[in-house]
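Protein sequence lines, in the order shown, are assigned to chains A and B.
Counting from 1 along the first sequence, just add 452 to a position and that's the residue number in this note's numbering.
Counting from 1 along the second sequence, just add 133 to a position and that's the residue number in this note's numbering.
Watch out, some of these pointers could steer you wrong.
From the derived model, a few chain A residues whose C-beta atoms are all more than 12 Å from chain B [claimed, not checked]:
(1) Phe464
(2) Gly465
(3) Val466
(4) Ala482
(5) Gln487
(6) Ala500
(7) Ala502
(8) Ala507
(9) Asp526
(10) Gly527
(11) Thr533
(12) Thr553
(13) Pro568
(14) Val572
Straight line, CA to CA, 20 Å or less: simulated EDC-like cross-link-like pairs of lysine to aspartate or glutamate [to be verified]:
(15) Lys141(B) with Asp256(B)
(16) Lys138(B) with Asp248(B)
(17) Lys137(B) with Asp232(B)
(18) Lys141(B) with Asp252(B)
(19) Lys535(B) with Glu578(A)
(20) Lys496(A) with Glu542(B)
(21) Lys535(B) with Asp470(A)
(22) Lys437(B) with Glu486(B)
(23) Lys463(B) with Glu486(B)
Computed, partial: chain B to chain A, Cβ under 7 Å [stated by the list, open to error]:
(24) Arg505
(25) Thr515
(26) Thr516
(27) Leu541
(28) Glu542
(29) Cys545
Rather than coming from a laboratory, the hints here were simulated on the basis of the structure.
Bear in mind that the values here come from a model prediction, so they are computed numbers and not experimental data.
In this text, a Cβ means the ideal position worked out from N, Cα and C, and glycines have one as well.
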Amino acid sequence: MITTVSDAIDAFGVDVLDHLDRQVTIPVHAGAQRQGDVLVLPRKGNAAGAVLPQAGFPVVRGEAGGNTHLLLADGPVTFDTKPATGTELTLGVLSVPAGSTAYLTHPEHGYVGIAPGRYVIRRQREQADELRLVTD
Amino acid sequence: MTTKKIEKLTADQAAMLPKIAEEWIATGLSTEPADRSAAEEGVRLAYRAAKLEPPPFMIWVDSPYAGAFAQAITPVIISQAIGSKPDQVRAQVRDQVRDQVRAQVRAQVRAQVRDQVWDQVWDQVGDQVGAQVWAQVGAQVWAQVRDQVRAQVRAQVRDQVRAQVRDQVWDQVRDQVRDQVRDQVRDQVRDQVKNWSTGLISDYYGLVYSAWFDAIARLGAAGMSPWNGHAQVARNAYWWWAFRGFAVICERPTVIHRDGRGRLHDESGPAVAWPDGWGVHSWHGVRVPADLIEQGWGTDRILKEPNAEIRRCAIERLGWDRFITDARLKQVGDTVPDPGNPGQTLALYDVPEQIYDVPVRVLLCTNATAERDGTRHRFGLTTPADVPDAISAAAWTFGITKTQYQQLERAC
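Build the full structure now, drawing on both the sequences and the hints.
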């Protein structure tokens, strides 16, 4: 049973920076939530088809291979990935069946819990000289 | 040839390609010292494959910039040492040798393989191996280094030579001949300088072809061996340049730093540097002046910078929160609570058009998660100039509506 950040680290083997509180309960939300430059937004539509691998899926890779936003599953969660471009911010669609929880983790941001439901995962953009995607 | 023609890749073969690409990308990004004897042996093999006498002189340089000059100086030094006229050594016909050593060998390999490997497979391997290596190493690192060498050669040599030649010619010829002579001289100087500065930094595709041809060979095609010399140089050194009578070989860089998207990036020093200290400073793939990275620019210096892209990098290096205050940017609307991020706020500012080259606003945000020292990182995100308020600006960054953003339950 995953309740705290510490539980999640034990369950997934994915650590966060040591100054983050490990005993804090990971809030699990069914609504819109944000982890840095990644947004989880509820959506209507078909369930995703591809089972999320045990090792998780890096929805956004951070600098130098670290600081990745990693999507993890406690239960048969599915995720269909779709590459982001300058204008298409969708990273993929996520389905969390009843009784399951999905997590997004990032070393600097800790863990985000995602309740059963269907979501789209989006990333952030900026208006630079041309549109560009945000990397944190 | 008894080998069956490869018409389609098996699943195993296709799975092998990304691994081969990775191997060569790692080679291309290596900061280990070059294996000089292995690289020199590779050079000799490459000359022999081109049916040329291996060069008696192998000149090692400690950066591509040094390489640019070594190529011009080496014939003179060699001629002094061996007591011949520089012209005899210099008449190596640079392009001819380069074409023989590289392009002809490449064509030879391609011709060998044509009846063993279907064109589609050849192209597929090119896409999945060659193009990957190019994207990761060539486009991100080499292209930047090439541009830097070109810019420095141009600034330090070419423009002066051109100006002096122009002045001398113009002073010496009378009006009636001036027009005829001027254009010819100008064109010749331009062509020669162009040939020189293009040639001296154009031999950086070796790794890409080496990766591609290595993959073809590992699929079982025979006849790839003429490229072995090139591959051996690529595995053991960095750029090199072929001339009749001598070769110039460059050491590997000592530092290569990149961001998460593979772009050259370092926030405190050169993003790529060589043993002689020459290097390239880069902010997320944009080449910038060294002092922007090493010391950082203040707002006054930033506002004086004519290049908008460099200005943008400098603002990011300084931090938007500082810049907003120092440059006295005008706030748009009120500072408002950041939905899902209790205690933190969002504020929107106008960025004058002369600062950015496109009209933008900047949204000043604060991280929901505290840093190790308890402070919170503040950062600016640029948005189109027509977003009306801070929440709309935040919503725009994710491409969602203002209402959707207002309903955020949590941010971290």
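Here's how the hints hold up against the structure:
Chain B leaves Phe464(A) outside its interface by the beta-carbon criterion, the shortest separation being 17 Å against a cut-off of 12 Å. Annotated as non-interface, Gly465(A) keeps its C-beta farther than 12 Å from every C-beta of chain B; the closest such distance is 20 Å. Residue placement check: Val466(A) keeps its beta carbon more than 12 Å from all beta carbons of chain B (closest about 15 Å). Not every CB of chain B is more than 12 Å from the CB of Ala482(A) (nearest about 8 Å), against its label as outside the interface.
With a least CB separation of 6 Å from chain B, Gln487(A) falls inside the 12 Å interface cut-off, contrary to its annotation. Separation of Ala500(A) from chain B is adequate, the least Cβ-Cβ distance of about 19 Å exceeding the 12 Å criterion. Distance check for Ala502(A) against chain B: the nearest CB is about 18 Å away, which clears 12 Å, and the non-interface claim stands. Chain B leaves Ala507(A) outside its interface by the beta-carbon criterion, the shortest separation being 17 Å against a cut-off of 12 Å.
Every CB of chain B is more than 12 Å from the CB of Asp526(A) (nearest about 18 Å), matching its label as outside the interface. Distance check for Gly527(A) against chain B: the nearest CB is about 21 Å away, which clears 12 Å, and the non-interface claim stands. The non-interface label for Thr533(A) is consistent with chain B: the shortest C-beta to C-beta separation is roughly 17 Å, beyond 12 Å. The beta carbon of Thr553(A) sits about 14 Å from the closest Cβ of chain B, which is more than 12 Å, so the claim that it is off the interface holds.
Pro568(A), annotated as away from the interface, keeps every beta carbon of chain B farther than 12 Å; the closest lies near 15 Å. Consistency note on Val572(A): stated as away from chain B, yet its beta-carbon is not over 12 Å from all of that chain's, at 10 Å minimum. Using a Cα cut-off of 20 Å, the hinted pair Lys141(B) and Asp256(B) holds, with the two alpha carbons roughly 11 Å apart. With a CA separation close to 7 Å, the supplied pair Lys138(B) and Asp248(B) stays within the 20 Å bound.
For the hint linking Lys137(B) to Asp232(B), the alpha-carbon distance of about 31 Å lies beyond 20 Å, and the restraint is violated. A C-alpha spacing of about 10 Å is found between Lys141(B) and Asp252(B), which places the hinted pair at or below 20 Å, so the restraint holds. Between Lys535(B) and Glu578(A) the alpha-carbon distance is near 16 Å, which keeps this suggested pair within the 20 Å criterion. Of the pairs offered as hints, the one joining Lys496(A) and Glu542(B) holds, with about 18 Å between alpha carbons and a cut-off of 20 Å not exceeded.
Distance hint between Lys535(B) and Asp470(A) is unfulfilled; the C-alpha atoms sit about 35 Å from each other, more than 20 Å. Between Lys437(B) and Glu486(B) the alpha-carbon distance is near 14 Å, which keeps this suggested pair within the 20 Å criterion. Of the supplied pair hints, the one linking Lys463(B) and Glu486(B) holds, its CA atoms being roughly 13 Å apart against a limit of 20 Å. Proximity of Arg505(B) to chain A holds as hinted, the smallest CB-CB distance being about 4 Å (cut-off 7 Å).
The beta carbon of Thr515(B) is positioned within 7 Å of a beta carbon in chain A (closest approach about 5 Å), and the interface hint is therefore held. Look at Thr516(B): its Cβ gets to within about 5 Å of chain A, closer than 7 Å, so that hint holds up. Annotation: Leu541(B) was flagged as interfacial toward chain A, and the flag holds, the nearest CB pair being 5 Å apart, inside 7 Å. The beta carbon of Glu542(B) comes within 4 Å of a beta carbon in chain A, closer than 7 Å, and the hint placing it at the interface holds.
With 7 Å as the threshold, the beta carbon of Cys545(B) comes within range of chain A, its nearest partner Cβ sitting at about 5 Å, so the hint holds.
Comparing the model with each earlier hint shows violations of hints 4, 5, 14, 17, 21; every other hint is respected.
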